[in-house]
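Using the sequences and the hints given, assemble the complete structure.
Protein chains: 2
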Amino acid sequence: MKTLIVHAHPEPKSLNGALKDLAVSTLEGAGHEVRVSDLHAMGWKAVVDAADYGPDASSPLRVAADSGRAFDAGTLTPDVLAEQEKLLWADTIIFQFPLWWYTVPAILKGWMDRVFTLNFAYGVGEHSDTKYGERFGEGTLAGRRGLLSVTAGGPEAHYSARGINGPIEDLLFPIQHGVLHYTGVEVLPPFVLHSVDRMSAEDYAVAAKAWEQRLLALETTEPIPFRRQNFGDYEIPSLHLKEGLEPEGRSGFGLHVRG
Amino acid sequence: MKTLIVHAHPEPKSLNGALKDLAVSTLEGAGHEVRVSDLHAMGWKAVVDAADYGPDASSPLRVAADSGRAFDAGTLTPDVLAEQEKLLWADTIIFQFPLWWYTVPAILKGWMDRVFTLNFAYGVGEHSDTKYGERFGEGTLAGRRGLLSVTAGGPEAHYSARGINGPIEDLLFPIQHGVLHYTGVEVLPPFVLHSVDRMSAEDYAVAAKAWEQRLLALETTEPIPFRRQNFGDYEIPSLHLKEGLEPEGRSGFGLHVRG
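Those sequence lines, one after another, are chains V and H. Here the first sequence is numbered in numbering that gives the first Met the number 0, starting from 0 and rising by one per residue. Here the second sequence is numbered in numbering that gives the first Met the number 0, starting from 0 and rising by one per residue.
No copy labels: a pair is met if it fits in one copy or bridges any two.
With a straight-line Cα cutoff of 35 Å, these simulated DSBU-like cross-link-like pairs (lysine-lysine) come out:
id, residue 1, residue 2
1, K1, K12
2, K12, K130
3, K85, K1
4, K44, K12
5, K1, K130
6, K130, K85
7, K85, K208
8, K241, K130
9, K208, K12
10, K44, K85
11, K1, K208
12, K44, K1
Source of the hints: derived by calculation from the structure; they are not laboratory data.
What follows is the structure, encoded as C-alpha cells:
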C-alpha cells in the first residue's frame with residue numbers, strides 16, 4: 000500500500016499530530032510506504048490568486064480556465080505539481096484534521112482549491128447522452144481509497160441523527176462526496192473522535208487503539224456506497240436521481256448513497 | 000442600515016466583484032452605510048498559527064484556549080480585531096463568494112477560523128439545566144442579519160432536491176446554521192446564481208436586477224426559521240431535537256428548521 004497523509008494542524012504536539020505520527024508508524028510497521036504532506040510545516044499557500052499561474056495568468060484572471068491551461072501546459076507552480084504527483088503515486092489518501100466551524104481548516108481547503116485544478120480533478124472526460132464527464136465514481140483518482148480522520152470538540156450526541164449540529168455524515172458529505180467521490184476516490188467511513196478537548200490519557204489510549212485497527216484494515220474496509228454518476232441512476236444532463244431508486248423516506252444527501 | 004460585505008474573490012473584474020460593487024452602490028444609493036472587507040485586496044492571512052497569539056501563545060499551541068485568552072486580554076492581532084469591530088458595528092452582513100468544491104474559498108474559511116474566536120463567537124454564556132451556552136439563535140452577533148451571495152458553476156438542477164450535488168440549502172447549512180445562526184445571526188435565504196461560466200450579458204442584466212431587489216428588501220425579508228437551542232426544542236445536554244417536533248418525513252439538516 001502507498002499512503003499519502005495530508006495533515007492540517009499547526010501544532011506537532013497536538014492530538015492531530017499524534018494521530019498523524021501513529022498513522023505513519025503503524026503503516027510503515029506493517030510494511031507499507033507512506034508520504035506525508037504536513038501543510039503547516041510546508042508553509043502551504045492556502046489562497047488562490049494570479050501568482051498561481053505566473054506570466055500565463057489571463058487578465059482579468061479566470062481561475063478555472065487558467066488552472067486548466069496551466070495544468071495542460073505543465074506550468075502549475077511546483078508546490079501544486081508536487082501534490083498532484085503524490086496523489087497519482089498513492090493508492091490510499093488519509094486526511095488528518097480538526098473540524099473547525101463544521102468543516103476543514105482553511106489551510107486544507109486551500110490545498111483542495113489549489114491542487115484540484117481543472118483537467119486534473121474536474122472537467123475530465125467527454126459529455127454525451129449517457130455520460131456527463133468522468134466524475135462521481137470516475138476520474139483521475141479512480142482506483143484510490145480515501146479516509147477522513149477528524150477530531151471534533153463537541154460530544155458525539157450533538158452530531159447524531161437528531162443532534163443540533165446535524166449528522167456527522169452530512170457535515171462531511173461535501174468533502175467525502177463532493178471532493179473525493181467526485182474525483183474517483185472510493186471513500187471509507189470516516190474515523191471521528193469526539194469531545195477531544197476533554198480527552199484523558201486513558202481516552203487517548205482507547206482512541207489510539209481504534210485508530211491502529213482502522214489503519215491496519217484499510218485494504219479490507221468497505222467503502223461508503225455513493226452512487227456513481229454515469230451508470231444508470233441519474234437522468235442526464237439534469238443529474239436528477241431517477242424516481243423510485245431510494246429506500247422509503249430517504250432524502251437530502253442520503254439519496255446519493257445506495258440503499 | 001449598516002452593512003458589512005465580506006468579499007472573497009481574487010479578481011476585481013469578476014462576476015463576484017461586479018455583484019459586490021453593485022451591492023455597495025445599491026445600498027449607498029438607498030442611504031445606507033456600507034463597509035467592505037475585500038479579503039484578497041487586504042491580503043487576508045487565511046491560516047491559523049502561533050503568530051496569531053504572539054508572545055502569549057502557549058507551547059504546545061492550543062488554538063481554542065489561546066484565541067479565547069487573547070480575545071479576553073485584547074491582544075488578538077490588529078487584522079482580527081478590526082474584523083470583530085466591523086461585525087459589532089454592522090446590523091447586516093453579506094458574504095460574497097464563489098462556491099469552490101461545494102463551500103467557501105479558503106481565504107473566507109480562514110476569515111471564519113481566525114475572526115470567530117473563543118469567547119467572541121463560541122464559548123459564550125452559561126451552561127445550566129436549561130441552557131447550553133448562548134449559541135444557535137443567541138450569542139455575540141444576535142440582532143444582526145446575514146446573507147450568503149453565492150456563484151456556482153453548475154446548473155440549478157444539479158443542486159435541487161434530487162440533484163447529484165445535494166440540495167443547495169444542505170450544502171450551505173454548515174455555514175448558514177453552523178457559523179451564522181450559531182453566533183446569533185438571523186440568516187436570510189441565500190442569493191445563488193448558477194451556470195455562471197456560461198453567463199451572457201443578458202443573463203447578467205437579469206441577475207443584477209434580481210440582486211438589487213434582494214438588497215433593497217434586506218430589512219423586510221423573512222429569515223430562515225432555524226430552531227433556537229435554548230427555547231424548548233432540544234434536550235439538554237444531549238442537544239437532540241425532541242421527538243415529534245418535525246413535520247412528517249423530515250430528517251437530516253432539515254430537522255433544524257421549524258416546520
